[in-house]
Structures are given as C-alpha cells and as structure tokens.
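As they're listed, the protein sequences go chains A and B. Going by the working numbering, the first residue of the first sequence is number 1, and it counts up by one from there. Going by the working numbering, the first residue of the second sequence is number 1, and it counts up by one from there.
Derived from the structure by calculation, the hints contain no laboratory data. Model, not experiment: these values are computed from the prediction. Glycine residues also receive a C-beta, built at the ideal position from the N, C-alpha and C atoms. Where hints are given, some of them may not hold.
Just the calculated beta-carbon pair ranges, DEER-fashion [what the hints assert, rightly or not]:
(1) N150/A - P115/B: 44 to 54 Å
(2) R348/B - P160/A: 46 to 56 Å
(3) K247/B - P299/A: 42 to 52 Å
(4) S182/A - E336/B: 31 to 41 Å
(5) Q178/A - E96/B: 42 to 52 Å
Not close to chain B: a few residues of chain A, all C-beta gaps over 10 Å, as computed [as the list claims (entries may be wrong)]:
(6) A111
(7) G113
(8) L128
(9) P136
(10) A149
(11) S187
(12) N212
(13) A232
(14) N256
(15) G332
(16) S335
(17) S386
(18) L418
With a straight-line Cα cutoff of 30 Å, these simulated DSSO-like cross-link-like pairs (lysine-lysine) come out [to be verified]:
(19) K64/A - K64/B
(20) K371/A - K108/B
(21) K108/B - K225/A
2 protein chains.
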Amino acid sequence: MNNNKKSQIEVLCIGTELLLGNIVNGNARWLAEELARLGIPHFRQTVVGDNRERLMEVVLEASKRCRVLICTGGLGPTPDDLTTETLAAAFGAPLEERSEVLADIKAKLTARGRPMAPSNCKQALLPLGATVLCNPLGTAPGMIWSPVANFSLLTFPGVPAEMQAMWEQTAVPWLQQQGLTSGIFRSRLLRFWGVAESSLAEQVAPFLELQNPTVAPYAGRGEVKLRITAWADNAESADGLIAPVEKELRAIGGSNCFGADSDSLASVVLAALRQRGETLAVAESCTAGGVGAALGAVPGASDVFIGGVIAYANQIKQALLGVPADTLASHGAVSEAVALAMAEGARRCTGADWAVAVTGIAGPGGGSAEKPVGLVYFAVSGPSLSFSFMRQYGASRGREWIRGLSVGDALDQLRLAL
Amino acid sequence: MNNNKKSQIEVLCIGTELLLGNIVNGNARWLAEELARLGIPHFRQTVVGDNRERLMEVVLEASKRCRVLICTGGLGPTPDDLTTETLAAAFGAPLEERSEVLADIKAKLTARGRPMAPSNCKQALLPLGATVLCNPLGTAPGMIWSPVANFSLLTFPGVPAEMQAMWEQTAVPWLQQQGLTSGIFRSRLLRFWGVAESSLAEQVAPFLELQNPTVAPYAGRGEVKLRITAWADNAESADGLIAPVEKELRAIGGSNCFGADSDSLASVVLAALRQRGETLAVAESCTAGGVGAALGAVPGASDVFIGGVIAYANQIKQALLGVPADTLASHGAVSEAVALAMAEGARRCTGADWAVAVTGIAGPGGGSAEKPVGLVYFAVSGPSLSFSFMRQYGASRGREWIRGLSVGDALDQLRLAL
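Extracted from the complex, chain A is given alone in its bound form (with noise of 0.2 Å):
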C-alpha cells in the first residue's frame, strides 16, 4: 500500500471484558475526542480480546494501514494481560527488562506498603528498540515503539486515569513532534425541537454536502441536532468558518433552534423567566414529576422554579389543585379542560407567574378507543395568557418514550410563549 495512502491513526482497544459487554468503552470515545480536539483524523476503532493469535492477527493488518496504532488494554500484571508481550511477538522483536521500570514499579509498590510480586517483573519488559511511556499514577507503563518503517505503536493501560494522564503528559507532544496534528478541529452543537431529523435534513441539504465546516444531523428523543464542525489552523480561524453556518442554519430552523452546546429546553426556559424576572411551577400528571425534574437538573434553576404538584391521582388532582369535580367527570383526567384547570390551578396554588401542565396516557394500560395510549394534553397559564396543546404520540414507542416526549413538549411550548 503507498504510504500516503495510509490512514494516519487508528484506535485498538484490547480487552476481553469490552467483548463480553461487562463495560462500556470509554477509552475509545476519550481518545477519539482527543483525536477530534488535536486535530488528527482517525477512521476506525477496533476491539479485541486478551488473545494472543487474534492481537498479532489485528496488528498485522493495521501495520500494513496505519501509520499510528493507539493501543489500549492489556498492560497489567495479571496472566490475561498480554499486550506488550504479543505486539513484540508479531514483529518478531526480543523483549528486554528495562531497569528504570522495573525501579519505578517497585518504588509504587513500596509508597503503598505492597511487596513486589513475581508478576510485576512482567511489566519491566518491553521489545528492543521501544521507547519508554511513563505512567505517573500506576505500575504498567506502557511503550513508543516503531517495529516497522512508517509504523509506530503506542500502549497504554486499560485504567481511564492512567491512559488519560500518560496520553496528556507524554503522547500528545510526540504526536505534535510527528508533525501528525495539523490544524484544529473546532464545533458547535444547535439543538432543535419540533422538528423529525429527516424534515430538518431536508431543510438544510446543501449544508450536509459542505467540507469544511462540516454539518451533521443526530437525532435523539425528540430533540435533533445539528453539528458544525470546522478545521483550521488555529481556534479563531475555525469559529470564523462556524459562524456564518450556524446563523444560516439557526434562519432555517427557526423557532425550532431552541440552542446550542450544552443548553436544554430546561435551561433556555429557566434563562428567560429569569431575563423577565417571573416564576414558574409545574402541575403533572402522567409525567409524575419529570417535568419538574428536568428543570431542577439545572445548577441554579431555584429563582426561578419554584415547584409544583404531581397530580397523579384525581383525588391530588381536585385537592391541591382545585380541579372541579365536574370538569374531571364531564371531561376526564386526560383532557383539554382538565390540562388547562390544573394549570391555572398551579399558578394559584403556588403564586407563580408561569404554570405548565401535563396529564395523558403512558401506557401501556389505561387507553381507550376513544383516548389512546401516547394521547397527552398540556396547558401553559402566564399572567396574560392561557392555552392548552395535544399530541398523539402513538403507543408503539412505550411509556418512557411518550413520558420523555411529554416532557421536551411542555418545556418546548412554554419557551415558545415566552
């Protein structure tokens, strides 16, 4: 293969327990973000097992793609970490004990009142010709090792902390003296609600074609999101590319943008009550508090939010909230009516300004011909105005969807009567 044309860095994750599912791989978003952040491209990640055949077999190949093989996993001392060992073994390289390690894994030892085991030797030993990767938290170093022209290896321990702090304080200058980092990757996440991503897709085709910035569509529960991402020499330049993307985008979107990075409804929501300097509470019934809960997520949320009630029951429904009697049996709980009464109920009850209110059908009982499952009524009560909104959800998401759906509506509507 040209060497040109060899991709610059690849990600290998080595480890049986990330094959059984017993953990999540955080190593690999971590160092991707990394990556994203230094600005060097990486286009796959891998994962194998604590298996010497099948590590050799993986190496092999991503020698022949690579020019960078980022290894994590297999550095410890235990029988099933066989790492360094196997990578030494692919390339056909003797692996020699290295004093200085082997100084420094006993001092750890010795600083935590633990004897040296026999198995710690193991981690001494590195193939001939590598350069030493310290690990200032923990007794596996890991390895720089170029075994073949146009191909290095760099080893680090599965543990989050002691990758991280190796990557920071000894990895990332390598790379930069590699002359591997160009530039800077920059980006800014506009988040949207109301809209499905393939209508929003639509909307903005052109800019899904751009390469620098990029724009990139995720969507979530309810929410959709739109990445910009741009590449550049150094920050300002990449905001400079940013900018003008997102204030076409933020045009098409709307009122559908409600913000961006690490904004939520709750928070956008929280932050113009605040501007206006009003209160808000909350009246909830099949979403039993989530609504309340997702403004309370917000660090500071209390001048603003000052509670409200769960009105799960028809009994809370009336007592605390002065639902009429007549108004529940004439209607019912899921209704337009009763939505409307409970916030008005809440804002009086409470003394806030503001009030919204939920009450439908979670399912997956309690749904009728008439009210079906993923039927929710909702009410907003300001100091000078009052309306209420359905949705039909369908039952075919379940009751965790249609509750977190419930949610993102209330807060969405009440934003955009603000």
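Assemble the complex: chain A is given as a structure, and chain B must be docked to it using the hints.
Structure of chain B alone, referenced to chain A:
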C-alpha cells in the same frame, strides 16, 4: 480461508459521531452483552465513520473473516446515512424499493402527524435478496442479507431503543435458527443498594473466581449489581447452576439486595405497597420531581402512587405542605425537622398512607460550612411511624450524581421501612 476457521460473529458500528467521540459506543456494549448471553462468542468489534469507501473496505474484509456481521448505524433518512447503499455496492447488488416498507414508513409518519419526506423513501430501498428486519419503533428498517456464501449481514439503526427492539424480536430467533448458538447462557442480575462495589466484591470474593456460573460485579450510580451467568445445554440446567449461587449471594448481601433483573427500587417499593393496599405520596425539594418520576416510570404505578408536591421554594413548603414558618426559620430548609414536616404534610394534603420527603443541597451553589453541597435530609412517614435520615454525599461528584443518589436513598429507606 477455511470456512471452519471463520469466526462466528463480528460487530461493526458505523457512525462518524463515534470517531469524533461525540457519543460513547453503548450499542457495542449492549450487543456484546447479548451475544454473551446467547452463548455466541464474538472476537472483534470495529467502528468506522459514515464514509462510503472506508465502510466498503471494512465490510469486504469482514466477509472473508466471519460468518455473520452485525452492523449498527447509518440507516436514517439523511444523506450521511449510507450504510444500506454502501453494503449493496460492496457486493454489487442493485437496490430495490420494498413497497411494504414504504407503506410502513408512511403509516408511522401519518400516525405522528408528519408528512412523508422524499428522504424517507430512501429507507425503503434494500438490496435485492435481502430480508427486511422490521423496526417496531422507528421508520428505519434493517435487513438480514447473505450477499456471498457463508456470510450474512444484519443491519440495525443506531438509535439504541430501535436496535434493541429489533434485535429481540427478529435477530435472536434468526441467530438461533442458524445454529450459531451452542448451548445456552442464562444470567441473573442481583441488584444491591447501600453498599459500595469494592466492599460487596470483597464479601463475595470467592464467588468471583467461579467458572460456571461466573459472578461479575458492576457499579452504577449508587446501585451495585452482581451478574451470575451460567452456560449449559438447556435453560433448566443453567438455572440449576445459578440458583444455589444466587441463594448464597442474597444471604451475603442481606437487606442490601433489593431485587433482581428488571426490578428497580421504585418497582419494589410499589409492589410492597400494592400488597398492603396502601398508597404513596412524595414531597421533593432538591430532587424536584425525580422521586415521582422514578415511581411514575413503573407501568401501573397509579394504583399506589397518587402524587405529591414539588416544594422547591420555601413558600411551597409552607403553603402546600404546611411546614411551619418557624421550623424553616430555626432549622433551615435543609434539616431533619423540615424533612419530617414535609413528609407529614404530604400525607396530610394528599391523603396518602405513606410519604417520602427529600430536602438537600445539590449544588454547585448554595452550600455553606455548616451545610455543605451534598448534604441531604430525608423523611419517611407512614400510618404508624415517621423517621428521618441524613446523607452527606460530598460535592465532588456533582449535582446530577447527588440528585440521583437522593432519589435512590429515599426509595431505599422507604423499602426498608416496609
């Protein structure tokens, strides 16, 4: 390559967001757990971006190595969702529009009150000869396709809930039909609250050395789990291996073991109260509805959980829960006395048999030397007892962690009181 030497299964996750580190690869972990549960070993996971050339390269490599490649991601309607068309191109197969898929997409969008966008039509295109893997939740169908001899592809959307539903409904029976499962793995998840992972692991240390069944600890936010996994020819034999180990582990865990498998603290509390024919209310300050939302997440909660008050501001604690002004003034809102008054007030104003109250400082602001961030008071009040308790979680883990632990501890102490 000799087909007998082919490894059974590999996992391929497709998505540029994984290579940018925007999200952690939870799908890989979930699939790995499932494969282990089914007794299907897999030896490699790969991640590539939404890139036609690189995806083709990876898939063609995998087709030479494994019998089944499980792919996730890239089935959405947007231009960067290119998995299906790329897989078809990799094996030179034409795409054809499946009218039944098109009808299903249209029906789902109509049910949600959304128009059919041209981009949605793309999701109905599948390679000639592929079998549709129905998506019960979303619009993106997957497929089972054998483009060459002794190699099958399964595709799933990247949205976890959709992938999981499709996996359970269609992929698992298919894998079993293929004879890929050898014997059966069964597992039992024991759930603990109120004990640290390291402490529990020490108490059950000899069990962690077992080979069949194996016992593995997992830590979450406050909750600790022990997974017992047994392999046998059939379910009865596997369950027979699990049962005695479960019994011993439950004995060691004592009252810290609150349930198994899909139990949650909320479901266990609701079941206990349902059996007693008693009802429950909440009074929440710092959790702001989180306890209510956890209870409401359990299907059928409404026969026990009737609602409550989110008393974020002191005025609500007074007005709705009847917490005396002088109690608030003399003890402060975050105090044992206020927690007790909140719980008793919640029972009074809702008429519930039981109530649980939470008041604390979730941070990052609002702490003092005397009442630091992470200090939370709780109370439980029932027909014939009331008690309060306190937790000091510390500030270091942050607001979300403190609120999550508070929800768990509130429910846990109520559980123990029942």
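Practice task
Determine which of the earlier numbered hints do not hold for this structure and return their numbers in increasing order.
Solution key: Numbers 4, 11, in rising order.
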